[in-house]
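Take the sequences, apply the hints, and build the full model.
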Amino acid sequence: MLLMIIALLVFIVTYLCIITEWVNKMLAALIGGFVIIVLGVVDQTIAFSAIDWNVIFFLIGMMLTISVMRETGMFMYIAIKTAKIAKGSPLKIMALMFMATALISAILGSVTTIMILIPIVLLISEELKITPVPFIITMVVASNMGGAATMIGDPPNILIASATKFTFVDFVLNLTPIILIIVAFSLGLIWLLYRGKMRVSNERRAKIMEYNDKNLITNHKLLWITLSVVGLMLLAFIFQKPLHLENATIAMAAGLILVFVGSRKKVETIILNDIDWITIFFFIGLFMIVEGLVHTGFIDLLAQGVISVTNGEPKTTSMVILWLSGIFSAFVDNIPFVAAMIPMIERIGEVITDPVQIKPLWWALSLGTCLGGNGTLVGASANIVAVGIANRNGYKISFMDYTKIGVLFALESVILSSLYIWIRY
Amino acid sequence: MLLASFLEPRNILFENRVLTKEQLYQILVDRLCSQYKLPICGSKLMELILQRDEEVSPAYSTGIAIPHIRMENFNDTLIAMAFLQNPLDYNGIKVSWVVLIITDKTSSKLYLNIVAALLKLSNDKEAVADLHNTGDGHSVIQYLKKKEVEVKKDVTIADIMVQKPIAVHPENTLRELINLMCMYRVAGMPVVDATGKYIGEVNILNLLKVGIPDFVMMLDDLSFLASYEPLENLLEKQDLLLVNDIMATDEKTLSPETSIIEAVFLMFTNKKRYLSVVKEGKLVGLVTAMDILTKVIAV
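These protein sequences, in sequence, are chains A and B.
For the first sequence, our numbering assigns the number 1 to the initial residue and increments by one for each residue that follows.
For the second sequence, our numbering assigns the number 1 to the initial residue and increments by one for each residue that follows.
Treat the hints with care, as some may be off.
What the hints assert, rightly or not - Output of the computed footprint for chain B on chain A, the stretches with three or more beta carbons under 8 Å from beta carbons of chain B:
(1) 72–81
(2) 114–126
(3) 206–214
As the list claims (entries may be wrong) - Label pairs and their calculated CB-CB ranges:
(4) 206/A - 250/B: 55 to 65 Å
(5) 425/A - 208/B: 57 to 67 Å
(6) 248/B - 242/A: 55 to 65 Å
Stated by the list, open to error - Straight-line distance between alpha carbons at most 25 Å, and here's what the computed BS3-like set of lysine-lysine pairs gives:
(7) 272/B - 207/A
(8) 209/B - 396/A
(9) 237/B - 129/A
(10) 129/A - 272/B
(11) 271/B - 265/A
(12) 266/A - 237/B
(13) 282/B - 120/B
(14) 266/A - 272/B
(15) 396/A - 237/B
In case anyone wonders, no lab produced these hints; they're calculated from the structure.
We treat Cβ as the ideally placed atom computed from N, Cα and C, and that holds for glycine.
So, in structure tokens, the structure goes:
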């Protein structure tokens, strides 16, 4: 019991450190992870074996892949082309950027996408002499939606995939349809919110049309190699089961091939700059902390609590998980939350033993955490990163500025998700 | 070691005639050749000195010229000098003190230290005037002994740095900074307060950065953008922003005692081509990579 309280305290203190940004998240997670060991909650062997290497190497593999993909200039090309296709019309740019952001996020993850696209949108809005704030907010929303659509788009999905052995195809079949519906409704919401609000002179419009996208992709050979390898990677994800390959193996294979073929001479820079070691070690620490909760039986207790509330009825349980994780993710970092929820759903799975009935719980967890993140300014990393970039460039976006728009999209998407889960499963 | 110990009264001349550079060199060469057995002498030596002059100007802005020759198999260092009533013109630099040094090929360190001591002395206007007024070699040596002008064993930053460099104040506007940079054609300068206390540095990149917003720096590629207005905004902001707004306050500085090798090391590790020299909090000098090239390597 005492050990359980210690484990819970470490989890809560670490969480508070991350939310308040009092300590760097990686440092907080690693300190928490080793405090668990030092205080004897679990021994080192157990703590280390809790580290999900499938997740760690999947992340590293994807970061390597993305680093080379980014170097080809294809994402800049998509962004600039999008602005030109919209012919400099603000509402069209917003709608197309929304779709582009969702699409790119489904592959790169929300934070990377935001880091590539927000500077471009700041530039475009400066040239059009309109405020970038609505663009930034809607693109953040799109990035969190896009990330939820695939297995590789958002860390909660990566964690869920590794824990459940759901394949890439499972995610595409179960999550992509609802995300497409949500994106379609969101475009309608954008039209309702912003139509007729942004006016731009023809002269300004012409400047965007002058953008020269010819030089953005200079190395065509690298582009083709990259597209081929990424294509093969997606194929491997699709045929993951017959190939007997795990996520980490596929991602690492693609990443290593791309770095070897495309950026051999810059390996050290890539390892140093493009692999986000902060995130990697944050995950490692987190796995250890959550193992403390699992090992001491806290997660069992939590699972029993949820089951007693929902009577183990799958649909109700899904709804509880969806809304609970949606609301929770709107205010706090969703990764530690998902990391703790995964073993809980695994325990519930010991009660609801029918695999068909347990599946929607996982999709509810994924949709709730990813989409709930749109609710407030601090709900997801992408929100914080985007607002940080905006603030540094003189566009102050307050908590309320963001939240009054974000919460609309979060509500819209969680309601649609509820209907989807209720009807489909 | 005192500089005076290297000097002989008969090799110190006071010249009030109007002479050409060649005539003066000839006199100095004749002096040395008549007393010492040099491996190379006479017109051959003259040729070497003039050829060397062509390659690297021996004149320094303080009004001293130090032509020198390194000979093989000559295990000694000889110094002959002349104080001129009528300055010589070395490509625009008025030189009224010429010091000819002949040394062994291998003794570059001693030579550098003698040059450093001479340069330091030539910076002291009062001392140079006093030397001109002594009138004869004995008095020059006496004066240098009394002043305890030393030839150090190791050259330090103090010997090669530019003393009293151009600096700006934090409250200067960017327009004033731009004017100073253009006038002196320097790409960076130290920032000091009214009392001369070192505060930081400002360079041309800090200045250009004013015209480029943060988000542009985050783009992977700018090739699609032909013209961009904010760069022109730098001109609008030049009267509004102060040096204080853009200066860097965490730059590495040197002390006058820093060795040359450490300065080069710091230039590499900090990726900078100039470093401020600070003593007891005050800015005392500036050393550039070019100083190291011209005053240490190409001598």
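Going down the list of hints, with the structure as the test:
1. Using a Cβ-Cβ cut-off of 8 Å, 4 residues of the region 72–81 of chain A lie near chain B, which meets the minimum of three, so the contact claim holds.
2. For the region 114–126 of chain A, the stated coverage by chain B is satisfied: 8 residues place a CB nearer than 8 Å to a CB of that chain, which reaches the threshold of 3.
3. Remark: the region 206–214 of chain A is confirmed as covered by chain B, as 4 of its residues place a Cβ nearer than 8 Å to a Cβ of that chain, reaching the required three.
4. In this structure, residue 206/A and residue 250/B break the distance hint of 55 to 65 Å, their C-beta atoms being roughly 44 Å apart.
5. Taking the beta carbon of each, residue 425/A and residue 208/B are about 59 Å apart, inside 57 to 67 Å as hinted.
6. Remark: the range hint 55 to 65 Å for residue 248/B to residue 242/A is upheld by a beta-carbon distance near 59 Å.
7. At most 25 Å may separate the alpha-carbon atoms for a hinted pair to count; residue 272/B and residue 207/A exceed this at roughly 38 Å.
8. Annotation: proposed proximity of residue 209/B to residue 396/A holds, straight-line Cα distance about 21 Å (limit 25 Å).
9. Among the hinted pairs, residue 237/B with residue 129/A is consistent with the structure: their alpha-carbon atoms are about 19 Å apart, no more than 25 Å.
10. A threshold of 25 Å between alpha carbons decides the hint, and for residue 129/A with residue 272/B the separation of about 38 Å lies outside it, so the pair is violated.
11. For the proposed pair residue 271/B and residue 265/A, the alpha carbon gap of about 22 Å is at most 25 Å, so the pair holds.
12. Between the alpha carbons of residue 266/A and residue 237/B the distance comes to roughly 39 Å, so the proposed pair goes past 25 Å and is violated.
13. With a CA separation close to 19 Å, the supplied pair residue 282/B and residue 120/B stays within the 25 Å bound.
14. This hinted pair checks out: residue 266/A and residue 272/B have alpha carbons roughly 23 Å apart, not beyond 25 Å.
15. For the hint linking residue 396/A to residue 237/B, the alpha-carbon distance of about 21 Å falls within 25 Å, and the restraint holds.
The structure fails hints 4, 7, 10, 12 (numbered hints given earlier, in ascending order).
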